[in-house]
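Trainee: Construct all of the structure, not just a fragment, from the sequences and the given hints.
In short: position in the sequence shown from 1, add 789, done, that's this note's numbering.
Think of the hints as simulated: they come from the structure by calculation, not from any bench.
Cβ coordinates follow ideal geometry from the N, Cα and C atoms, glycine included.
Relax, there's no trap hidden among the hints.
Label-pair restraints from in silico Cβ distances:
1. Pro1269 to Asn1485: 54 to 64 angstroms
2. Pro1146 to Asn1071: 53 to 63 angstroms
3. Pro897 to Tyr1322: 47 to 57 angstroms
4. Asn1326 to Leu1148: 41 to 51 angstroms
5. Val1481 to Lys1333: 33 to 43 angstroms
6. Lys1333 to Arg976: 46 to 56 angstroms
7. Arg976 to Pro1454: 37 to 47 angstroms
8. Lys1272 to Val1241: 26 to 36 angstroms
9. Pro1304 to Gln1435: 28 to 38 angstroms
10. Leu995 to Glu1205: 48 to 58 angstroms
11. Pro1454 to Ala1323: 29 to 39 angstroms
No more than 27 angstroms apart at the CA atoms, straight line, and that leaves these computed lysine-lysine pairs for DSSO-like:
12. Lys1078 to Lys1477
13. Lys1350 to Lys1489
14. Lys997 to Lys1113
15. Lys1115 to Lys1027
16. Lys1477 to Lys1447
17. Lys1018 to Lys1113
18. Lys994 to Lys1489
19. Lys1477 to Lys1497
20. Lys1447 to Lys994
21. Lys1308 to Lys1281
22. Lys1333 to Lys1321
23. Lys1338 to Lys1298
24. Lys1440 to Lys1333
25. Lys1108 to Lys1095
26. Lys1321 to Lys1078
27. Lys1497 to Lys1018
28. Lys1078 to Lys1272
29. Lys1178 to Lys1279
30. Lys1115 to Lys997
31. Lys1108 to Lys997
32. Lys999 to Lys1477
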Amino acid sequence: MILKLFLLLNINILLANSAHTKDKKDAKEQQKDSSQSAEYNPFGALVRCNMLPLEFIDCDALKDHNGNKTAQEEAGHGCLKIGGIRWHEVERAKAECTVLPEIECYGPRNFKRDGFPCVKYGEHYFLTTLLYSILLGFLGMDRFCLGQTGIAVMKLLTLGGLGLCIKYLIQIEFPVCSTPCDLRAYRTGLVCVCNSSYCDTLDVKLPKIKGEVLILSTSKSGLRYHATKSHFGSDRIKILHGPYHYGTSGKSKSYQIIAQSISKLEKAYETLTETTAYISTNYSATYQKIIGFGGAFTGSVSFNLKQLQSNELRHHVYKSFYSKQKGNGFNFMRYPIGGCDFDLEPWAYNEQPEHDPDLSNFKQLDQRDLDKIDQLNELRSVTNNHDIKFVGAAWSPPRWMKTNNDWTGFSALRIEYYQTWADYHVRFLELMHDKNISFWGISTGNEPLNGVLFPNFIHFMSLGWLPQDQGRWVADHLGPTLKNSLTASKVKILAGDDQRYTFPWWFEKMYDANPDVAKYIDGMAVHWYADKYAGSNTLDDAEKLFPDKFFLSTEACSGDKPWEIHEPILGHWPRCEDYILDIIEDLNHYMSGWIDWNLILDLDGGPNYVMNTLDAPMIANGSEIYKQPIFYGLGHFSRFIIPGSQRIYSKSTSPFIKSTAFLRPDGLTAIVFYNNGDHYIDVNVLDKSRGVLTINVPGKSVHTVIYK
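Mentor: Laid out in structure tokens, this is it:
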């Protein structure tokens, strides 16, 4: 039985890797050949090309044969005559149609479709013009369709135009000005594509009147920051599926929701499976305040930014992450002190001369850091974000400071270099400060247990610590040295910087070794890699023991487990779901911020000098960058749960709906919730002073609700 399970597991992994490898090849070619028809797959969800709805095909204008029936028969399409006195007299004819690029379907991609009415006025069909006349005639839209431009302009500048101006001036509704995502479908999911001339943005106006609501939605089926405006007490709001639901795939530049693609059977199924959830809040029950969200700027990130083929594309990266007006609004940046695994090689300051406690060769910054500083200055200039909190972390000292005289493996810091290692940190902070990069905080070292428990599994730079030794080092060396620095005395110290299973015992051992450590430690850092195996109760226990310390999640990424694909999977939704659920759980258990790992990697998940390749929220591919679903999952929190927001009590009645709620410093409430089920759910947001807001949300979708 065990052998059978083992074989099945390996077969599934091989199949997953096969699909993933094919997607990487497609990405490197940048675009599939859309002229070829998709092969028929009886187990797939493809429909016949000639059965696709109009949203997925491009049909030529009807040809007017002017009564020449022979010409019409030879062509096989077109009209004998245009128009008619009565609608039932209008001829119906065939048109030449082609499936849009990137849409997958079964059968010929070029075909003739029947049933188009032979009526046309001013390049617009009769029905379109009629609807414009009924609904938008006061704006002159019907006259534009008929080609009567002069009359149309006159109508627009009178009553209709005046009405629009008044509506805009009094801001009856707050506009959504985002640039939509340019979706591209791969076998493993959907990415948003940016190039030098185009990249999606998140540009929205927040509610200003009590009861107004802005809803941002992202889904597995293709929604990306889809904005909906409403107010408490309004009718039930339905967030429709994205354009890639029910097996359809392709590029959606119009960013429209294709409700017509849902069949009657599927609608009936959704009706049967819909359920109801309630999210309640209590403003009098308050918890931790948010410090921020962000990502890491490693050597690999710096390298990938250099490889992008234009300045404009690099600017898109910066704005997408750190712009407060058009991007995710990140305000944290984790920064390695020396080298890390995501570098082209292991390195540290003052590698030579050895056994040099005065750090005589550590007088200036390495060129690698100087290059990063140039990029960071460009980032701050392009995004106009000068409030970034830099958090430093060292992976390893120079080898001569360590007991094993190596970058990795079982190790500890030599006791005679305890003060030297503290001086090393402060020297780095002061040199960076001289270059106008002031650090908000540093950790006591990246994942100290790597050099104690996992030397045979971890092959990148590490320094082993026991909590008692680390406590003495901080209390006697790092803390006092930092406080005595002229430029770094206010830098915060974050202890731990390892997995959740170190909470809270690691910090108890540090305190036991030297109680003075308490006056130097400001917060406690944790990584996410063991969160599925170490319960959130560990965070609750730590909060009870150390209520005066903040908690910060300082590293996360996907593809790290031995059984996972160790590189990016383009458009993979389950990885985004992992992020969303982990952030919600962390925030609901006293976490004050959340920092992702690498901002951007290449298609292989690197570079990484030990081939420890992983996934990232953004993937670089020369002239293009791909925004993974992870990018949008992060933004639902980072853009709207701004620094200073305070968590308030919230509760969901459904096991499918995971949520967290915050009161922002500007008085707005931000609620983020995720539908972990596969079906629609009515989510009722209850607010005592505002009433009820009912939102019908699709399965596998995340939503941020902001209201006044």
